[in-house]
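**Q** Chains as they are written, first to last, in my numbering: chain A, 1 to 116; chain B, 1 to 111.
Worth flagging that the hints you see were computed from the coordinates, not collected in a lab. One or more of the hints may lead you astray.
Here are the simulated DSS-like pairs of lysine-lysine, each with C-alpha atoms no more than 30 Å apart in a straight line [to be verified]:
hint : chain 1 : residue 1 : chain 2 : residue 2
1    : B       : K42       : A       : K52
2    : B       : K110      : A       : K30
3    : A       : K30       : B       : K37
Which bits of chain A does chain B cover? Going by a derived footprint, with three or more residues having C-beta under 8 Å, they are [said to hold, decoys possible]:
hint : region
4    : 53–67
5    : 86–99
As the structure is a prediction and not an experimental result, all values here were calculated from the model. Where is the CB? At the ideal position from N, CA and C, for every residue including glycine.
As a plain string of letters, each chain reads:
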Amino acid sequence: DAGVTQSPTHLIKTRGQHVTLRCSPISGHKSVSWYQQVLGQGPQFIFQYYEKEERGRGNFPDRFSARQFPNYSSELNVNALLLGDSALYLCASSVGTGTGPLYGYTFGSGTRLTVV
Amino acid sequence: GESVGLHLPTLSVQEGDNSIINCAYSNSASDYFIWYKQESGKGPQFIIDIRSNMDKRQGQRVTVLLNKTVKHLSLQIAATQPGDSAVYFCAENNQGGKLIFGQGTELSVKP
Numbered sequence: 001d002a003g004v005t006q007s008p009t010h011l012i013k014t015r016g017q018h019v020t021l022r023c024s025p026i027s028g029h030k031s032v033s034w035y036q037q038v039l040g041q042g043p044q045f046i047f048q049y050y051e052k053e054e055r056g057r058g059n060f061p062d063r064f065s066a067r068q069f070p071n072y073s074s075e076l077n078v079n080a081l082l083l084g085d086s087a088l089y090l091c092a093s094s095v096g097t098g099t100g101p102l103y104g105y106t107f108g109s110g111t112r113l114t115v116v
Numbered sequence: 001g002e003s004v005g006l007h008l009p010t011l012s013v014q015e016g017d018n019s020i021i022n023c024a025y026s027n028s029a030s031d032y033f034i035w036y037k038q039e040s041g042k043g044p045q046f047i048i049d050i051r052s053n054m055d056k057r058q059g060q061r062v063t064v065l066l067n068k069t070v071k072h073l074s075l076q077i078a079a080t081q082p083g084d085s086a087v088y089f090c091a092e093n094n095q096g097g098k099l100i101f102g103q104g105t106e107l108s109v110k111p
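Assemble the whole structure, with the sequences as input and the hints as a guide.
**A** Okay, structure coming up:
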C-alpha cells in the first residue's frame, strides 16, 4: 500500500507569489494534518481536516488556507509568499482526529518550498 | 505559550553504546507523548509513545521515560547502531490531532 504522498517534492517560488501543495492520504484515512518545518526546528501544526471540515488551526496568518476533497486528499494554499515561508511542508494522515499508532498517524516526506 | 524543548541539540555516541535523548515540556495538561525519528529528506517516523498515566514504556531497543513531576521525557536507545543516526523529536498532544514538537536532537553514531 502507498503511504502518504505529497506533491511536488521540491518547489521554488518568488516573493509575493501563491503556492498550492498537495497531499494524498493513506487509503482509508479520513483526516489530513499539515505542518511547517523550518530548517533546524521541529514541525509546527498548521491545520487539521477531517471529513472535509477544519478541525484544528495553528498560529499561522490568514495567508495560509487549506481544504479537503471528497476523496480525502488535501491542498494547502499559501498566498503572498514571504522569504520566511521557506520550509518543509509535511502532511500527516490518520483514520480519525487523534494522533499515534492507534489512529495510524503517518507523515509523508514533505514538499520543500524555497521562496526567493 | 506551549512549548516542548530539548536539552541538547547534538549528541555523538560510539556504535554499541547506549544513547539518551532528553526533552522538557511545559504544558502539564498534555496527556500523550511521542518520540519521532527523522532522517534526511524524509518525514518524521514514529518510534515509541507513552501516555501520562505511565512512567515507562519499552519497545525494541528503545525505552521512553516520563517524569510528570518535572515535566521531563527521555528516549533511551540501547546498543546504538549507525542506522540510528538521525534527528529525534519529542512531541506532545493534548488537543485532538495537534502535535507540539520540540526543536530536535541530532544523533550521530560513530562506527
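**Q** Against the earlier hints, flag every one the structure doesn't satisfy and list their numbers going up.
**A** 2
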